[in-house]
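Assemble the whole structure, with the sequences as input and the hints as a guide.
Chain order of the listed sequences is A and B.
Note that our numbering gives residue 45 to position 45 of the first sequence, counting from 1, and the numbers run on in steps of one.
Note that our numbering gives residue 109 to position 109 of the second sequence, counting from 1, and the numbers run on in steps of one.
Calculated directly from the structure, the hints in this document are not laboratory data.
Keep in mind that a hint or two might mislead.
[Said to hold, decoys possible] Straight-line Cα separation of at most 30 Å, DSS-like style, residue types lysine-lysine; simulated pairs:
hint: 1; chain 1: B; residue 1: K172; chain 2: A; residue 2: K169
hint: 2; chain 1: A; residue 1: K67; chain 2: A; residue 2: K129
hint: 3; chain 1: A; residue 1: K169; chain 2: B; residue 2: K144
[To be verified] Chain B stretches covered by chain A per the calculated footprint, using a threshold of three residues with CB under 8 Å from any CB of chain A:
hint: 4; region: 150-157
hint: 5; region: 166-175
[What the hints assert, rightly or not] Non-contacting residues of chain B with respect to chain A, defined by C-beta distances greater than 12 Å in every case (computed):
hint: 6; residue: A63
hint: 7; residue: A64
hint: 8; residue: E70
hint: 9; residue: H97
hint: 10; residue: E120
As the structure is a computational prediction, the values presented were derived from the model and not from experiment.
Think of the CB as a built atom: it goes at the ideal place given N, C-alpha and C, for glycine as much as any other residue.
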Amino acid sequence: MSDRHTGYARAILEVAQAEGNVSGISREVFSIGQAVAGSEELRTTLSDQRIPAARRQQIVEDLLDGKASSATVGLVSMVVGAGRGADLPNIADQLDQLAATGGGRQVATVRSAVALSDDQQQRLAAALKQSTGNDVDLRVIVDTSVVGGLVTTMGDTVIDGSIRSRLSKLRETL
Amino acid sequence: MNLLYVLAAEGPNGKWIPSDVKEFYWGGAAFLIVLGLLIWKLGPVISKAMNDGQQNAIEEATAAEAAMAEAQQAEASLRAELGDPEAASQRIIADAHEAANQLRVDQNARTQDMVNSMWERAQNEVGSLGAAATSDLSSEVSSKALTAAEAVVASNLDDATQMELIEDYISKVGSA
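Right under this line is the structure:
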């Protein structure tokens, strides 16, 4: 992470704190960052300096219309207008770390082959809190390469219960 | 003397001695003078010519003898060099046979070395290829088996199974 990413992340965090919705805004920014990371076309478009900033911001607002809070849309639009659209994944990661550190919480990135229901996310967060002793903010990423099961990453700790890892172990055994 | 015959034949009296004694004397004196002149002038020339001819003959004979001696010497030298032609021919043939045999022996040795080297290299390559083939086959079998396993797993991973895996994961994390 560069100082630039940290600077944008702190700016977003301060706005989120002012809005009183750090958890919600950081979760939404994380989701947007994941979307940008997974789409080369979106990443290129949002960082293309030949496209006027107003046009790029309009694209963001159209994409997020009804899917994120107005504060989140405004913050992401600000980042894209500054020509840092391609940096959104790193800014989102940095925001998560700053938000978790400031709130005494821990961010857990969960990869799953299928989407988790709210109930599953709450029970998983509770299970992780019971295991680590810290409050946990989940960031769920749907990743079909997991095949089945879940992979949770919290800092340097990885709890891998995926079918992919079992198949990899089988491949090593063979 | 021929001159005297001529003089005698031409004598007016038909005798060989002229009727006039003075004429005989003058004729004899003239003859002697002419003879003397001839001897005086031509004698050395004739003598020299005869001596030169004799000297030339001697030199030619000497040169012929020298040439003959040289030829005999060359013949002797040539014979010494050649020796017995039959023996020389057999010796040359024997040398050729020996060289051919040595060449054949050397060639056989080189061929044998080359064959041994090729055989050793071929054995090594076969060994390497065998190991590589075994490794490739093992890898291929593993890949196929894994692909088959993935296919089987994917076909069995319906929504219910996915949910079961997630619930199992949550319960294990909570109990850890």
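Hint by hint, here is what the structure shows:
no.: 1; hint: B/K172 x A/K169; in the structure: 20 Å, holds
no.: 2; hint: A/K67 x A/K129; in the structure: 28 Å, holds
no.: 3; hint: A/K169 x B/K144; in the structure: 15 Å, holds
no.: 4; hint: 150-157; in the structure: holds (count 4)
no.: 5; hint: 166-175; in the structure: holds (count 9)
no.: 6; hint: A63; in the structure: 110 Å, holds
no.: 7; hint: A64; in the structure: 111 Å, holds
no.: 8; hint: E70; in the structure: 101 Å, holds
no.: 9; hint: H97; in the structure: 68 Å, holds
no.: 10; hint: E120; in the structure: 34 Å, holds
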